[in-house]
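Colleague: Just so you know, the protein sequences line up as chains A and B, in that order. For the first sequence, the UniProt record's numbering assigns the number 1 to the initial residue and increments by one for each residue that follows. For the second sequence, the UniProt record's numbering assigns the number 1 to the initial residue and increments by one for each residue that follows.
Among the hints, erroneous ones may be present.
[Claimed, not checked] Part of the chain B face toward chain A, derived, beta carbon under 7 angstroms:
1) A13
2) R149
3) D157
In case anyone wonders, no lab produced these hints; they're calculated from the structure. Don't be surprised by glycine CBs; every beta carbon is placed ideally from N, CA and C.
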Amino acid sequence: MTPALTYSAVSVGYQGTPVLTHVDLELAPGQTVALVGPNGAGKSTLIKSILGLVPVLAGAATVLGDHPAAARGRAGYVPQTDTLDADFPVSVRQVVMMGRYRRIGWWRPAGKDDRRAVSEALDRVGLAGRAGHRFGTLSGGQRQRVLLARAIASEPRLLLLDEPFNGVDAVSQDAIVRVLRDLTGSGTALVISTHDLQVARDLADLVCLINGRQWAAGPPAATLTEQNLRRTYGGSTISLADGRMVLVEP
Amino acid sequence: MNWWDDALHRATAEVILVGALAGLIGVQVVLRRLSFFTMALTHATFPGVVAASIIGVNILVGGAVAGAAVALGVAALTRRRGQDAAAATGVVLSAGFALGAALVATQSGFSRDLSSFLVGSVLTVTVQDLVTTLVALVVVGLVLSVSARPLLLVGFDRAGARAAGLSTGAWDLVLLLTIEVVVVTLVPAAGTILALSLIVAPAAAARLWTDRLPVMSVLAVVFAVGSGLAGLWASGRFDIAAGAGISLTATAVLLLSWLLTRLRPAVSPGAAGRTEVAPA
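Using the sequences provided together with the hints, build the complete structure.
Modeller: Put into structure tokens, the structure is as follows:
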């Protein structure tokens, strides 16, 4: 089976200047990798490189067996909600329909299949009742779920989520986690950037610790060690008695 | 006598065409917060228009060249990180106007004076002006309908648009140049102030009434055409300049919309962002 993602000794960056180096990663269909690191570590840059929007400067990268940019149509992307214009007069249904644009084409009208895909996606994130509402009137967690529904509607083989749990309430977080588990169950591979170690532990098959470079990667239990976290964050980690770890950024 | 021989008939037709054009593009201008850019554009076309009439070419060509230069310049500036596009736009605005004024001053007996540039002369439009406006309306209408989805995605979610394979810079340029076409078409017949108020005020008023983009577009066109006709009527009735009458009517529509939508209780789901959001 074609891996969802293979990165070997990859450096990515802008205008020839690497932002992130030494990335080694192999992700099978249905697997989840969590990208963990501090702000500015290069998590978003890595996601953009998977979409072919930031060039691979060294090493070899394939996405769904293809060059990253060539695979873009088969990869879904959930941006951080605060990058969107919440004042824009678009309904929830319209936002989810955007996920179908690549299938419909930019000019043809949406068909019955597209409308069904949109309704199903909204149903899966539990927001079917909000289809007619303006996107900007929803809460942060609900917006995140709408963007997830939009990605689902595009039926991606690989789904990239940039900090999907930022500013998200518990109800929405549960809904999102449930949908993500469904997706991996049906063979979709997930790349999730997060600074929440608990999310990484609970959701991911693989964790990739990055900060300017990849410091460690592997199964969560073996990777999220105090030593690895110290190396990644360059600061101190405090272990708590119940096995949790608190990061103190320098 | 031909119907088109009457100046008031021609002005009425022009106001309808101009209103439709301004209303359509106004929706994009308001949603993308490009009012200030549009303002700069109206003033930057001025030296182009003056230069064109000095060297004896079509003033639309002069305005178009100057406006395109501004649109390209602003697009290039906004692509650069750390550049303050608003400051650059402000400089372009004042420099453009000053250049135009300087050019006018070098010409004694210049036919298009400053005040007609500002408030226009809709009562002096020719059949040729009408044809030009009609062509612009068809072209802009086509461009906006063909680019509706890309423009929506780029305006709402730039990161998502890029991830979907759209070149956000290229689509920004498409929009800026479309605005430029509208401005260049409106300014010679209608003046800068009128052009700006007809583009921004009706669309801003329409936004207050609805959260649905198609409804907003229809309302913006209705408000703009309505302001145009009412302003034109007022100018004849009260003997005020037509351009000023139209601008004031458009402003009144915006103020009235603001007042009425404030007074109106929260209505249907999703309307105007005032709906209560129940917890998840």
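Colleague: Double-check R149 (chain B) for me: the hint is only fine if its C-beta lies closer than 7 angstroms to a C-beta in chain A.
Modeller: holds, 5 angstroms
Colleague: So, D157 (chain B) near chain A? Judge it on the closest CB pair being under 7 angstroms.
Modeller: holds, 5 angstroms
Colleague: May I ask you to test the interface hint for A13 (chain B) with respect to chain A, counting a Cβ-Cβ separation under 7 angstroms as satisfied?
Modeller: Since the shortest Cβ distance to chain A is 31 angstroms, the answer is violated.
Checked against the numbered hints given earlier, the structure breaks only hint 1 and satisfies all the rest.
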